[in-house]
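Sequence lines, in order, name chains X and B. Quick note: the first sequence uses the numbering used here, first residue 1, plus one each step. Quick note: the second sequence uses the numbering used here, first residue 1, plus one each step.
Check each hint, because a few of them may be wrong.
Stated by the list, open to error - Examples of chain X residues lying across from chain B (beta carbon under 8 angstroms, computed):
hint, residue
1, Gln121
2, Ile186
3, Gly318
It should be emphasised that the hints constitute simulated quantities derived from the structure, not laboratory data. Every value quoted in this text rests on a predicted model; they were computed, and no experiment measured them. Beta carbons: idealized from backbone N, C-alpha and C, even for Gly.
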Amino acid sequence: MILSRVADGLYWMGRYLERAENTARLLLVTEETSTEVFGLDEELARAEWRDLAEILPGPALPERATRQVSGLTAATLQAVAFSPAHPNSVYFSLKRARDNARTVREALTIEVFVNLNETYQDLEAQAGRRLNDTPAFRSALGAAHRGILSTVGAIEHTLSHDPGWLFLRLGESIERLYRAATVLRIKLPALLAPEPKVDLPLLHTRWRALLRGLSSLENFRQTSGARLEPLEVLHFLLFDPHAPRSLRYGANAVKDVLDRLSAAGHPSAPARLIGRLAAELTYRSDEVIQRGEYLTFLESVLDGVTKTHEAVSTLYFGT
Amino acid sequence: MKWIASKAGFDEVFRRPSAPRSHYAALISILESFTLDDVARRERLQRLALMNQGITFTVYGEKDGLERIFPFDFVPRIIPAGEWKLLQDGLVQRITALNLFLLDIYGEQKCLRDKVIPAELVFSRREYKRELRGVIPPRKIFTHVVGTDIIRDGEGRYLVLEDNCRVPSGVSYVLENRTLLNRVFPEFFASYPVRPINDYPSLLLETLLHAAPRASQSPVTVVLSPGIHNSAYFEHSFLAREMGVPLVEGRDLLVEGNRLFMRRTHGKRQVDVIYRRVDDEFLDPLTFRRDSMLGVPGLLNVYREGNVVLANAPGSGVADDKSVYAFMPALVKYYLDEEPLLPQVPTYLGFRKDDLRHMLEHADTLVIKTTGDAGGYGMLMGPFTAKKDIDAYLTGMRKNPGNYIAQPLVDLSSHPTHIDGRFEPRRIDLRPFILYGDRIRVLPGGLTRVALRAGSYVVNSSQGGGSKDTWVLAAREP
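Bound-form chain X, shown alone:
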């Protein structure tokens, strides 16, 4: 077993790395979606960004900034992607991931550290530049996104799958579950609201964006085809047993790690907490769908994840 401080560092490295990846992906999808619909429905384009601001809260953004990019100022794009001052920017999360990696570097392989460090150095250089246009923004953010994914690949394929790796995975899976539940919690009310006049293609675009934001579009199509039936999408994002960003899969991933960290046959306090949540997501799907209690249910998922995190900190990190 490993030092509590090192486990703590690896856990947060995993969380921040996952957060950076999520943020980069959400930003890329939101930017693209809002650019696409801006001419057709400016209010909707703005609503996409308002949702994002709610998912990734940060300091108020300078609205009077100069340049219009896709119904949004370049300053806003730059802030949520690259600003060191925004606590949910990709840069901020990646910096935290790297800070943690530096404190536990002896527990990492050179491939993991170099991939992460290179991605960070590139992003830092980007933070100091001014964006010329939207393609430049996409290209820079896309590169960071790929760098993060290659770091994740190095974690999976060069690190020994020992307790240190389990704590990295624990941080990653807890963060992923929490983020996915947050995105759904914020996006669903508007998507499910009975609207007076429904523009179907536009609604399709929004559900499609939701799936892409949770990197689930291709996965969904493979199980249900290209037609995006809202209830099917919802069922998929909450209860699919195989898609890595469905809530059910996420809770079981957390449970799997916590079971492996527990003594055989004696689930720890956090393993019991996440076990109950995973059971709900595995066995209560029909009930939730029938009653239409999505929002209450999502609140209980977020609450369960938070409590699991607290129990992990108390048990393993002594914090």
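Following the hints, put chain B in place on chain X, whose structure we already have.
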């Protein structure tokens, strides 16, 4: 390619302008085959590799968290086998004597009774720990790792400038410089029998295990670091990784029942050997500095009981005190009955009345240093300092003259160094690393530090120094 020979001091490479010494001839001709553009491109690669691998250090007093690359000059320093033999033998002799001295002053104190060194001088050193008298570490080894600073005078003689017996740093750069040079200029290596150095981490681990308390069957070794904000953090992490042992901070350790444990996710585990990179003063708030957050309360008691080994042993710092240094030749003779193989720089002691008078009168020709400081801090370079600044320094010195020493300015040797497309002479020194385990081993290489500013004598990384790969050549078969 433009090569400029040095005007003062010993030139490591050129016997006279455009006539390289024989062991440098091949290197010069390889370098001549490159264009300046090639060189610039290779240097960019080198910089990128350092940044991406995070081979950086932190400078104190600058913006929090500012990381800097330790500048690397790709022109390697080459030491022929014969010269190395002399250095190696001299260092083994010196480290043997240093450890006998430490054993003596923390034990019987014969050298004080025999007046080889004044007792008042030893006892007034901050690094002499009275509370550790009678505490003798296993195998009587105090300094498991030493980094001795060596310079060359105008005739090219190697001189010992300083012994670093506390927590000498830099060995990670020795290893990384070799890897980096191999990556950026692989062409250099084909013509030279360069002795490998990459077994250092395994030798270090062996050294530490050799020191383990006898009772322990499979000893647990850790590296103790002050943490990420320490300037040498990269090295602490590097050595832990290379040895495959945990890197711990004070807060990871706890004392229970006079034994030392580390806090782990699934219960605690006993620790037997600490390679500590934390100064004595911060090791244990119950014994030394009470405000230390870096140490472990009760650690020194565990050490006294013999339940944990600290490498280097606390209290070893007195052996590298700059005024104790003045007595090293006498101590070598006293303990070993041998003449010192490596000469050193003549030293005046503020502790002695006559020396002090000389120091006050000739400050403008001397280098004056405080005895307890390292890293080039607290130093006066008389020949390059304005009169009023010298006077201010001497005012400070008069208050506590025992803490000052002075040496004549030695014109360090120079080595061609790549500066903006030219090869200019820059002053260098050498820090070999010496391990004391089942025997004393000198790593065949070392950290060559280079003063990158033209005319500068200061090679410290905190003050504009860089480093070079250092090649020790294997003796060719006759």
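Hint check results:
1. Gln121: holds (6 angstroms)
2. Ile186: Since the shortest Cβ distance to chain B is 33 angstroms, the answer is violated.
3. Gly318: holds (7 angstroms)
In terms of the numbered hints stated before, the structure departs from hint 2 and from no other.
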